[in-house]
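Chemist: Here is how the chains run, residue by residue.
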Amino acid sequence: MSTTLNVVTSQAYKYGFVTDIEADSVAPGLSEDVIRFISAKKGEPDWLLEFRLKAYRHWLTMAEPEWAKVEYPKPDFQKIVYYSAPKPKKPQYASLDEVDPELRRTFEKLGVPIHEQEALAGVAVDVVFDSVSVTTTYREKLAAVGIIFCSFSEAVKSHPDLVKKYLGSVVPSSDNFYAALNSAVFTDGSFVFIPKGVACPMDLSTYFRINNKESGQFERTLIIAEEGASVSYLEGCTAPQFDTNQLHAAVVELVALDDASIKYSTVQNWYAGDKDGKGGIFNFVTKRGLCKGKRSHISWTQVETGSAITWKYPSCVLLGDDSIGEFYSVALTNHKQQADTGTKMIHIGRNTKSTIVSKGISAGDSSNSYRGLVKVQPKAEGARNFSQCDSMLIGQSSSASTFPYIEVQNRSARVEHEATTSKIGEEQLLYFQQRGIPAEEAISMIINGFCKDVFRELPMEFAVEATKLLSLKLEGSVG
Amino acid sequence: MTSALAGSNLLADLLNGPRPAEWAPLREAAEQRLAGRELPTTSDEDWKYTDLKLLAGGFSPAPEATVDVAGHLLPEMVGTRQVFVNGRHAPHASCASAVPAGVRYFPMSHASEACHTLGSVGNGTAKGLFEDLNTARFQDGAVILVPKNLKVALPLHLLFITKAESPVAVFPRVLVVLERGAELELVEEHHGEGAYLSCPVVEIRVAEGAILRHERVQRESPEAFHLTSLKAEVGRGGQYHSRTLSFGARLSRQEPRVRLAEGADATLDGLALLDGAQVADTHSFLHHAEPGATSHQLHKCIVDGKARAVFNGQILVAKGAQGTDAQQQSRNLLLSEAARVDTKPQLEIYADDVKCSHGATVGQLDPEELFYLQSRGMNADDARNLLTYGFAADVLTHIPVASLRRSLRQLVMARTQAGSLGELS
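Residue numbers (my numbering), protein chains in the order written: chain A, 1 to 479; chain B, 1001 to 1425.
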């Protein structure tokens, strides 16, 4: 450890950094001082600063993971700005008519409601849609049943005991390279707490999706469902999101106690870079749910269409007896995009069950990999897993890979894995066209059928948009 | 492995031993590649589930030995056998009198003409550590060359026997070349007694339209380590069908790597029957390098005791290999509390007009099937044994050599305690 400490101490001086609490942002680079600055700026308690520093010290000893089937220039962590105070966003346009027609066309195709289009494009929001009041209304409704739903920073201030109890309990700060980085420098995110016996009356974040945009590149989400509680949480949106930060390293932790159920849905459409693979977001996310209680249930649903590089494995640790983990995923890559995504199902408790349905679509020159682990530990009597991983290839220069790891140490387990590959070919399109269905619509229908098992797990309005999103992303790929 | 001292190094121990005189350039190149290399550990992805710590060292080059082969002979192949004992050709135990004229079938030590082919199969791809170790130190091996359009009626029998009084290392070597349109059936068996390390290397070249059927039986001693590398190149429209049956060895590893040219067809079936503390690892690589090739792989493991089965089956469909049809299945049966299976079928596809699928299952016998048999008056033990036997027999059904098929069925029956059920076909 002494070498590590040396690195730590020398780094602070190397960049000649002086802590300035009054500043709005820090100079690029990462050091213990930067972390202290972030923590002080956010008025955090000491234990949280310690959590961050511990994570940072561990991060220094770690190497960037190389095993995924993705290639990208390694980010320079000393060039990233780790804190800048959120500035109130100035409206860019007076009305929607001024917005880039290309962007508007995208919104229309996706079926995004007008007021959301305005908010997304940065149009001044008028009284018709006052996001602040909407937020407040719903928050009051939630508070009435005891649900806490707020930003992570707020939670640290108002519910420090809960945060302290659960933060890092699912994804330890030393878990992996990017999780450690996130633990050291995260700035904000979401916090959800559903108390015992409460079923959350609405899908969380649907109504907030245009408001929580300042969570930044190192987002931290923590969702806790107490005994018998249930919640459906939605993240992201179908509209294209542009971001100046290239590296995104989020951490999401879910904890479900006895009989609790958490459903987490994601639609991700971050900037994927241009056709030649220039630019685009690196999405390196650690998502994990802990089915801590008996009969608890965690379900991940994701539609991944954006980002230049995706490295993401939403997982379930099935600790409680009779707990259930699910993973439904559609990952679409086009042009030069690369995705290495999948899940881990760790069966520890008795009679635990997991289901994996993964649909990968690769077009253009992209590379799309499913990587998953199903592990049945010796005590997981009666564990059951079913995995279905299908790939669809569009065009001759894309690639699809499947890397399922299956580790079984209990004989009463039943584990099944299946994978197939298919394509959208000219023959299929001809078949549709013969029946008067134009190529674009045909593709949409084929894709829709291919992804049906996943889409039906999505909340309704997401499902409708997701279908359109996929056909939009594939425009011009076939025929 | 009493003499396997901590800190001793397998590679150094073996490479310090005498280097056979023949094939010098080949051996030098292998030694150069081995320089500075160490045994892989479980942090290497390719050895994640198989720990070679037991192999640390203490093996010395195998001395000459004699064995009685009578018990290993199969009636169909009495006149087509080449026997190797402790890595050396055993002329008195061998008999190739029934081999048709034109087929060249002799020990490698007599085979200068194989020189240009040996070590060249799979060139351009990385050489494995144990493959290089074999190349550096093999004593002898078998060469089989079948000329154009010759269809060999009788199966050929290769028998590798190791007899170890103290821990020794042997390096069996096989080179099979089938010229255009040739056909051959080959049975390759490995037996032994005592504690030893066997690192066979098999090189196969199947030319355009040729067909090779290859039965591989691993019945090493329970204290042995068996690490095989097999490389096969199958030409246009050629066929390579292999079946690897692993019964013995404390730790075994099969690494078949098959490259398929246009329209070629391959079968890569396997069965591992494990008990005690056995570990059997299969790392296969099927390379669909050109369009229109087909491949089928069915790999089955029956794991009892504290044994462990590992399967890592990679299928690569290269860019432009349109019309590929690749099907892979990994089926695993766990019979005991402490048994363990780690399986990882892998597909990597770079062409869009392909039919590829893989599947993996791990589980125990189906309670409904057990109930079905019991409802017809069979007792629970017999029902279990019959189903276990049936699971394995699937792979044995198509073995073309009747006597071998029978003897393996008996072996499986004995291992699955299905013998009490009488004659099963």
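There may be inaccurate statements among the hints.
[Claimed, not checked] Quick list of simulated restraints, FRET-style, between CB atoms: (1) A:Glu426 / B:Ala1338: 26 to 32 Å; (2) A:Glu66 / B:Gly1036: 17 to 23 Å; (3) A:Lys79 / B:Glu1045: 27 to 33 Å.
[Claimed, not checked] SDA-like mimics (lysine to any residue), calculated; alpha carbons at most 20 Å apart, straight line: (4) A:Lys379 / B:Gly1305; (5) A:Lys54 / A:Glu140; (6) B:Lys1306 / A:Pro160; (7) A:Lys379 / B:Gly1359; (8) B:Lys1355 / A:Lys54; (9) A:Lys379 / B:Glu1337; (10) A:Lys344 / B:Ala1318; (11) B:Lys1355 / A:Gln396; (12) A:Lys336 / B:Ala1318; (13) B:Lys1048 / A:Ser422; (14) A:Lys353 / B:Lys1355; (15) A:Lys379 / B:Lys1355; (16) A:Lys69 / B:Glu1337; (17) B:Lys1300 / B:Glu1262; (18) A:Lys278 / A:Ser397; (19) B:Lys1355 / A:Ser422; (20) A:Lys141 / A:Asp161; (21) A:Lys379 / B:Lys1300.
Since the hints were derived computationally from the structure, they do not count as laboratory data.
Note that the structure is predicted; figures quoted are calculated from it, not measured.
All residues carry an ideal CB built from backbone N, CA and C; glycine is no exception.
Chemist: Does A:Pro160 lie within 20 Å of B:Lys1306 when you go C-alpha to C-alpha?
Modeler: Violated, because 47 Å separates the two Cα atoms, which is more than 20 Å.
Chemist: Does A:Lys336 pair with B:Ala1318 here, judged by a C-alpha cut-off of 20 Å?
Modeler: Measuring from Cα to Cα gives roughly 18 Å; hence the hint holds.
Chemist: Is the hinted pair A:Lys344 and B:Ala1318 satisfied, with a Cα-Cα distance of at most 20 Å?
Modeler: violated (28 Å)
Chemist: For A:Lys54 and A:Glu140, compute the direct alpha-carbon distance and say whether it is at most 20 Å.
Modeler: violated (37 Å)
Chemist: How does the Cβ-Cβ distance of A:Glu66 and B:Gly1036 compare with 17 to 23 Å: does it lie in that range?
Modeler: Between A:Glu66 and B:Gly1036, where Cβ atoms are some 21 Å apart, the hint holds.
Chemist: CA of B:Lys1355 to CA of A:Ser422, is that 20 Å or under?
Modeler: Between B:Lys1355 and A:Ser422 the Cα gap is close to 7 Å, so the pair holds against 20 Å.
Chemist: Given the hint that A:Lys353 pairs with B:Lys1355, test it: the Cα-Cα distance must not exceed 20 Å.
Modeler: violated (30 Å)
Chemist: Check the hint pairing A:Lys278 with A:Ser397 against an upper bound of 20 Å on the C-alpha distance.
Modeler: The given pair, whose Cα atoms are some 18 Å apart, holds under the 20 Å limit.
Chemist: Has the given pair, A:Lys379 with B:Gly1359, been kept, meaning a C-alpha gap of at most 20 Å?
Modeler: violated (25 Å)
Chemist: Measure nothing beyond the straight line between the CA atoms of A:Lys379 and B:Lys1300; if it is 20 Å or shorter, mark the hint as holding.
Modeler: violated (24 Å)
Chemist: Is the Cα-Cα distance between B:Lys1300 and B:Glu1262 20 Å or less?
Modeler: The hint is violated at about 28 Å.
Chemist: For A:Lys379 and B:Lys1355, compute the direct alpha-carbon distance and say whether it is at most 20 Å.
Modeler: Not satisfied, since the Cα-Cα distance of roughly 38 Å exceeds 20 Å.
Going through the hint list in order, the structure does not satisfy hints 1, 5, 6, 7, 8, 10, 13, 14, 15, 16, 17, 20, 21.
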